Structure formats: C-alpha cells, structure tokens
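**Q** Residues per chain, in single letters:
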Amino acid sequence: MNPQVPPVFTNLRQRIFDAVVEGFRSILTANNYETNVGANVFPWKSDALAESDLPGIVIRDVGVEPVDTSSGVCVAYRMRFEVALVPSRSVDSPAYARKIWADVITMLGLNRIWRDTERLNMTTEYAGDEMRVDEKAGTFSGIFIRFFVLFKMKSLDPYIATP
Amino acid sequence: MTMLEQAEADVATFFDPTVGFGIAATFTRAGEVTANPINVSFDKAFSKLDVGADVETSQDQCAFRTADWPDCAQGDTLTIGTTAYTVMDPQPDGLGVSVCTLTED
Chain R
1 MNPQVPPVFT
11 NLRQRIFDAV
21 VEGFRSILTA
31 NNYETNVGAN
41 VFPWKSDALA
51 ESDLPGIVIR
61 DVGVEPVDTS
71 SGVCVAYRMR
81 FEVALVPSRS
91 VDSPAYARKI
101 WADVITMLGL
111 NRIWRDTERL
121 NMTTEYAGDE
131 MRVDEKAGTF
141 SGIFIRFFVL
151 FKMKSLDPYI
161 ATP
Chain Z
1 MTMLEQAEAD
11 VATFFDPTVG
21 FGIAATFTRA
31 GEVTANPINV
41 SFDKAFSKLD
51 VGADVETSQD
61 QCAFRTADWP
71 DCAQGDTLTI
81 GTTAYTVMDP
91 QPDGLGVSVC
101 TLTED
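Protein sequences, first through last, are from chains R and Z.
Residue numbering for the first sequence follows my numbering, beginning at 1 and increasing consecutively.
Residue numbering for the second sequence follows my numbering, beginning at 1 and increasing consecutively.
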C-alpha cells in the first residue's frame, strides 16, 4: 500500500479517462445528437465487437507524454486517446460512420475543458482520423480517430491537477 | 462424353437436396423479377474484420452447378427460405462449380 496516498483518492489519469468515457456515453439522440452510439461504449474492449455491439465505440488511452517540463514543478502532459467508431453493417455504413464522427467532434467541442466532480482543467486537441471500409462480408466501416487531452499536474504527483 | 462433361453431370448429385449437400433456393438476375429455382450449398463461415476495431461477423457464400446459373453476376439476388442475399463476387472454377460470396444487406 502506498503510504503517501489516502485510499479515497483516484489518480488523475483514471479521472481523465472516466470523464472522457462519460462524454462519449452522452452521445444519444435524447441529448440532441444525431446518433445513439453512446449506448455502446467500450473502454479497452479486449475481444472483438460482435454485430450486436454495433453501432459501437471502443476507447483506449494509449499513453501520456510530457509537453512542457520547463517549470519543473507543474508539468504539462498530453494523454493520447485512440477511438474506433464502428456503425452497424449496412450499405449506408460509411455515411452513418460520418454521422457518428460528427457527433464525436461535437461532443469534444462541448467538452473542451473536461470536468468531473472537481474541475480537471484539461483541453482537447484533435489529431486526425482514418476511415476504413470492408465489403467482404457485407458493408462494414469504421473511423479510427486520435485526440489528445492536455492537462497539468504537479511533477511526479499523479493525484493533483494544477491549473 | 468428355471427362469435363462427366464431371458436370456428377456435380448435380452433389447439390441435390435429397441425396447431396444442396438446399433449394431461387435466384433473380439484377434488373429482372423472375425467380429461378436452383439447388445450392450454403456456408456461413466465421469472419473477423478490422475497421479500426475488430468486428466478428460471418462470411456468407454459396456454391452451385455453373450450368444452372452460368451468368451469375454481381448484383443478382439469391433467396434461401425467407432470406435474400445479394451476390458480391461470383467465382466459377472452370470445372462445373461456381462459388459466390453473398451479403445479407
């Protein structure tokens, strides 16, 4: 057990990941989005998606890298996310993938500064995407997007965010 | 009778629903409405795709005697029971049998 950390604290990386997942889960027509893809969000799904999981989103936080270490006390980091947006099999699958993409970009724009029960003070950078279509077994498509969440924390202290 | 002709005649037994592996189906050529009866063997093999994430699905395909549907083309329809499939990729083997991949879109 880490003697420095009270057991009630959640590390900053987990808080950021949870806030991002909740953002994706908010993509529902009830929230004025065009699609309901927020009903099938899978954080780090280790096995393949079944057709019953579609349309679905798989979210992975693949790494964190320092951006600015000049202050030495409060360090800026970029947390890299890779997300797969996969609509159901359909001849219109690529068009529906573009609708899901638009909903995701809208959601990222609305959540430029992510929040949880405490202000996390993070911003988002979109890093591009790739679209893939496979027609061997009916028309499947997917858009693989990358984005960064920028945040600051005390140097080598994963529990305290800084403005 | 040449060996090829003999092989094509024997293939009919393979697709016979009563003594072989076939099932009764109908096909409709693209742009037409007439449903033509045909015996086919139908496969629904497991398939995994990568479209940014792995997706499990099935690769539907059928095989039939080429002489029964010699002009099978992309866009034709095959109906098995109440399920209609669109022909994606007809592949005649030159020895009397054709295979085509299907989509249930």
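I should point out that these hints are in silico values taken from the structure, not numbers from a laboratory.
This structure is a prediction, so every number in the text was calculated from the model and none was measured.
Keep in mind that a hint or two might mislead.
Stated by the list, open to error - Distance condition first, Cα-Cα at most 16 Å in a straight line; then the derived EDC-like pairs of lysine to aspartate or glutamate: (1) R:Lys-136 to Z:Glu-32; (2) R:Lys-136 to Z:Glu-8; (3) Z:Lys-48 to R:Asp-53; (4) R:Lys-136 to Z:Asp-71; (5) R:Lys-45 to Z:Glu-56; (6) R:Lys-154 to R:Asp-53; (7) R:Lys-136 to Z:Asp-16; (8) R:Lys-136 to Z:Glu-104; (9) Z:Lys-48 to R:Glu-65.
**Q** Each hint: holds or not?
**A** Okay, the hints, checked on the actual structure:
Taken as a hint, the R:Lys-136 and Z:Glu-32 pair is broken in the structure, with Cα atoms around 25 Å apart against an allowance of 16 Å. Among the hinted pairs, R:Lys-136 with Z:Glu-8 is inconsistent with the structure: their alpha-carbon atoms are about 29 Å apart, more than 16 Å. Of the supplied pair hints, the one linking Z:Lys-48 and R:Asp-53 holds, its CA atoms being roughly 14 Å apart against a limit of 16 Å. Restraint check for R:Lys-136 and Z:Asp-71: not satisfied, since their Cα atoms lie roughly 21 Å apart, outside the 16 Å limit.
For the given pair, R:Lys-45 sits about 13 Å from Z:Glu-56 by alpha-carbon distance, which is consistent with the 16 Å threshold. Straight-line distance between C-alpha atoms of R:Lys-154 and R:Asp-53 comes to about 39 Å, which puts the hinted pair past the 16 Å bound. Restraint check: the Cα-Cα separation between R:Lys-136 and Z:Asp-16 comes to about 28 Å, which exceeds 16 Å; the hinted pair is violated. A hinted pair counts as satisfied when its Cα atoms are at most 16 Å apart, and R:Lys-136 with Z:Glu-104 qualifies at roughly 11 Å.
Distance restraint check for Z:Lys-48 and R:Glu-65: the Cα-Cα separation of roughly 33 Å exceeds the 16 Å cut-off, and the hinted pair is therefore not satisfied.
Going down the numbered hints, you'll see the structure goes against 1, 2, 4, 6, 7 and 9, while the others check out.
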